[in-house]
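Please construct the entire structure, taking both the sequences and the accompanying hints into account.
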Amino acid sequence: MVSPILPLQMRGAVVRRRGKALLGPADLDLSEKGLTIVMGPNGAGKTTLLRALHGLERLSEGQISWQLPFAETLLRQAFVFQTPVMMRRSVRDNLAYPLILRGSDKKQARQTATEWAARVGLSHAIDLPAPQLSGGEKQKLALMRALIRSPDIIFLDEPCANLDGRAIREIEAILIEAQANGTRIVMATHDIGQAKRLASDVVFLMRGQVIESGEASAFFAGPQTPQAAALLKGDIVE
Amino acid sequence: MTEIWEGLVAGFWLVVTLDADLVEITLRSLQVTLSAVVIASVIALPLGAFLAIRRFRHRRATIALLNALMGLPPVVVGLIVYLLLSRSGPFGVFGLLFTPTAMIIAQVIIITPLIASIAHQAIRDIWAEYHDLLISLSTTKRQRIATLLWDGRRALITASLAGFGRGIGEVGAIMIVGGNIDNATRVLTTAIALETGKGDFALALGLGFILIGLAIAVNFAIHAIGQTESEGKW
Ligand SMILES: Nc1ncnc2c1ncn2[C@@H]1O[C@H](COP(=O)(O)OP(=O)(O)O)[C@@H](O)[C@H]1O
Ligand SMILES: [Mg+2]
Numbered sequence: 001m002v003s004p005i006l007p008l009q010m011r012g013a014v015v016r017r018r019g020k021a022l023l024g025p026a027d028l029d030l031s032e033k034g035l036t037i038v039m040g041p042n043g044a045g046k047t048t049l050l051r052a053l054h055g056l057e058r059l060s061e062g063q064i065s066w067q068l069p070f071a072e073t074l075l076r077q078a079f080v081f082q083t084p085v086m087m088r089r090s091v092r093d094n095l096a097y098p099l100i101l102r103g104s105d106k107k108q109a110r111q112t113a114t115e116w117a118a119r120v121g122l123s124h125a126i127d128l129p130a131p132q133l134s135g136g137e138k139q140k141l142a143l144m145r146a147l148i149r150s151p152d153i154i155f156l157d158e159p160c161a162n163l164d165g166r167a168i169r170e171i172e173a174i175l176i177e178a179q180a181n182g183t184r185i186v187m188a189t190h191d192i193g194q195a196k197r198l199a200s201d202v203v204f205l206m207r208g209q210v211i212e213s214g215e216a217s218a219f220f221a222g223p224q225t226p227q228a229a230a231l232l233k234g235d236i237v238e
Numbered sequence: 001m002t003e004i005w006e007g008l009v010a011g012f013w014l015v016v017t018l019d020a021d022l023v024e025i026t027l028r029s030l031q032v033t034l035s036a037v038v039i040a041s042v043i044a045l046p047l048g049a050f051l052a053i054r055r056f057r058h059r060r061a062t063i064a065l066l067n068a069l070m071g072l073p074p075v076v077v078g079l080i081v082y083l084l085l086s087r088s089g090p091f092g093v094f095g096l097l098f099t100p101t102a103m104i105i106a107q108v109i110i111i112t113p114l115i116a117s118i119a120h121q122a123i124r125d126i127w128a129e130y131h132d133l134l135i136s137l138s139t140t141k142r143q144r145i146a147t148l149l150w151d152g153r154r155a156l157i158t159a160s161l162a163g164f165g166r167g168i169g170e171v172g173a174i175m176i177v178g179g180n181i182d183n184a185t186r187v188l189t190t191a192i193a194l195e196t197g198k199g200d201f202a203l204a205l206g207l208g209f210i211l212i213g214l215a216i217a218v219n220f221a222i223h224a225i226g227q228t229e230s231e232g233k234w
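Residue numbers (our numbering), protein chains in the order written: chain A, 1 to 238; chain B, 1 to 234.
Treat the hints loosely; a few may be bogus.
Calculated cross-link-like contacts (lysine-lysine; reagent style DSBU-like; alpha-carbon spacing at most 35 angstroms) [as the list claims (entries may be wrong)]:
#  : chain 1 : residue 1 : chain 2 : residue 2
1  : A       : K138      : A       : K107
2  : A       : K20       : A       : K33
3  : A       : K233      : A       : K20
4  : A       : K106      : B       : K141
5  : B       : K198      : A       : K20
6  : A       : K20       : A       : K138
7  : A       : K138      : B       : K141
8  : A       : K233      : A       : K33
9  : A       : K107      : A       : K20
10 : B       : K141      : A       : K33
11 : A       : K138      : A       : K33
12 : A       : K107      : B       : K198
13 : A       : K138      : A       : K196
14 : A       : K33       : A       : K107
15 : A       : K106      : A       : K20
Partial pick of chain A residues on the chain B-facing surface, computed with a CB cut under 8 angstroms [said to hold, decoys possible]:
#  : residue
16 : L8
17 : L59
18 : F70
19 : F81
20 : V85
21 : M87
22 : R88
23 : R89
24 : P98
25 : L101
26 : S104
27 : L198
Don't read these hints as lab results, they were simulated from the structure.
Just so you know, these numbers come straight off a predicted model, no measurement behind them.
Just so you know, even glycine gets a beta-carbon here, dropped at the ideal spot from N, CA and C.
In structure tokens form, the structure reads like this:
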């Protein structure tokens, strides 16, 4: 039995760039199970929060504590960036890359990659250079590449921005399946419908501050803050 | 006018009939420049990658120096190599002056900064693109460098080809350190200079055709690689 990396505690976290606080001070807890949706208007700090949790942004103050040393947890984390990073290789080699990094046999890794591509309807593009894919295909590829090592937790930064309904449905199905297989999910979005469909709990950010957070059903039924109420009512919040 | 026309025809025949002098000179040119490209690439490609990835104290200064070295006049490089290799110079004991080795040394000095600079830019761009992903996947330093070199291989080939293009057409430095000695250090460019001076346009033009052919082939290859690169085909 591998010891778990969650729950996670973030306390008093502040991310500063050139003296300006982009995030925090903010507190956050991530339980072992669930799908956390991070909501908030553009520039609220969603990306900064996810990157800080994943260790890509240095904290100026505060700390984030996992159940294991960070370097060990990183091996069991994955991140899907807002703009998917397409390596200049074929779709198959993009998918196989994380496996080969971990020392998998190359042939075996490519075989697995081929199977994973099939699961999201990328079989037709398996030998195409990844940068040639459409926007939705790129997002699906980035998502599968992040999931292929079966991470304990995956961070997704607005994976469905600019996608059409069908691609959104496919991506949500993959996420639900990953969650069922035991992957903890933390996802930024400003699509309230998507938040309602997927969230088990919600973090609502504005101007780098956690305005409200908690269980999704309670949040959507009765938001505690006027800002969250305005967001859910469909008003413009900024 | 008729002189030039006759020269063109004669030069063309030399090429078609694979004239012995012409073949010898062409092969020596290729030997010198290809050797220089291989040596320069072995130095410059890792150097370019290193400069793109590693932060160290004098990184900016090193890059500025590299760019400055790219603009070195070949004639001056030739002069310096000449002084170093001449009998009274520090490396005079090796007796390298007026040998193909001296020409290779001069060309390595001329094209290394060019190759390193192009490689640096290419790797830097890919690194900027891949940075977050490679950190996120907790890659080791070795894995990062291997990934960037592999995914940047087309750009690196382009860099080496550009070095070849610069080396094969260069005349100033190899004239000085090679001496344009018949059957020993005569190459395409120095032979053209000599034959033109003597008024033997047939051989000069024949050699010119080959030089132009090589230059076009190199540029075509660079263009083709750039094309596949920008279309994302590889
Ligand atoms: N590299 C940066 N330098 C300075 N400010 C930045 C940088 N990146 C983002 N910001 C600012 O930080 C704030 C939060 O950004 P971000 O986390 O990207 O928000 P979100 O993802 O919610 O749109 C914004 O005001 C943005 O302008
Ligand atoms: Mg963002």
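Chain B contact restraint for R89 (chain A) - C-beta distance below 8 angstroms: Hint holds; R89 (chain A) Cβ to chain B Cβ min 6 angstroms, cut 8 angstroms.
Pair hint outcome, K106 (chain A) versus K20 (chain A) [Cα-Cα no greater than 35 angstroms]: This hinted pair is violated, its Cα atoms lying about 45 angstroms apart.
Hint consistency between K138 (chain A) and K141 (chain B) [alpha-carbon to alpha-carbon, up to 35 angstroms]: 26 angstroms, holds
Agreement of K20 (chain A) and K33 (chain A) with the hint, judged by alpha carbon distance not exceeding 35 angstroms: Measuring from Cα to Cα gives roughly 34 angstroms; hence the hint holds.
Satisfaction of hint between K33 (chain A) and K138 (chain A), Cα-Cα up to 35 angstroms: 27 angstroms, holds
Supplied contact hint for L101 (chain A), tested at 8 angstroms Cβ to chain B: With Cβ-Cβ at 6 angstroms, under 8 angstroms, it holds.
Restraint status (C-alpha distance of K107 (chain A) to K20 (chain A) at most 35 angstroms): Judged against 35 angstroms, a Cα distance of about 48 angstroms means the pair is violated.
Hint consistency between K233 (chain A) and K20 (chain A) [alpha-carbon to alpha-carbon, up to 35 angstroms]: Roughly 31 angstroms between the alpha carbons, so the hint for K233 (chain A) and K20 (chain A) holds.
Pair hint outcome, K233 (chain A) versus K33 (chain A) [Cα-Cα no greater than 35 angstroms]: The given pair, whose Cα atoms are some 28 angstroms apart, holds under the 35 angstroms limit.
Status of the hint placing F70 (chain A) at chain B (closest C-beta pair under 8 angstroms): 10 angstroms, violated
Given hint P98 (chain A) near chain B, where the shortest CB pair must fall under 8 angstroms: Holds: closest Cβ of chain B sits about 6 angstroms from P98 (chain A), inside 8 angstroms.
Hinted pair K198 (chain B) and K20 (chain A), Cα distance within 35 angstroms: Roughly 73 angstroms between the alpha carbons, so the hint for K198 (chain B) and K20 (chain A) is violated.
In the structure shown, a violation is registered for the earlier hints numbered 5, 9, 12, 15, 16, 17, 18, 26, 27, in ascending order.
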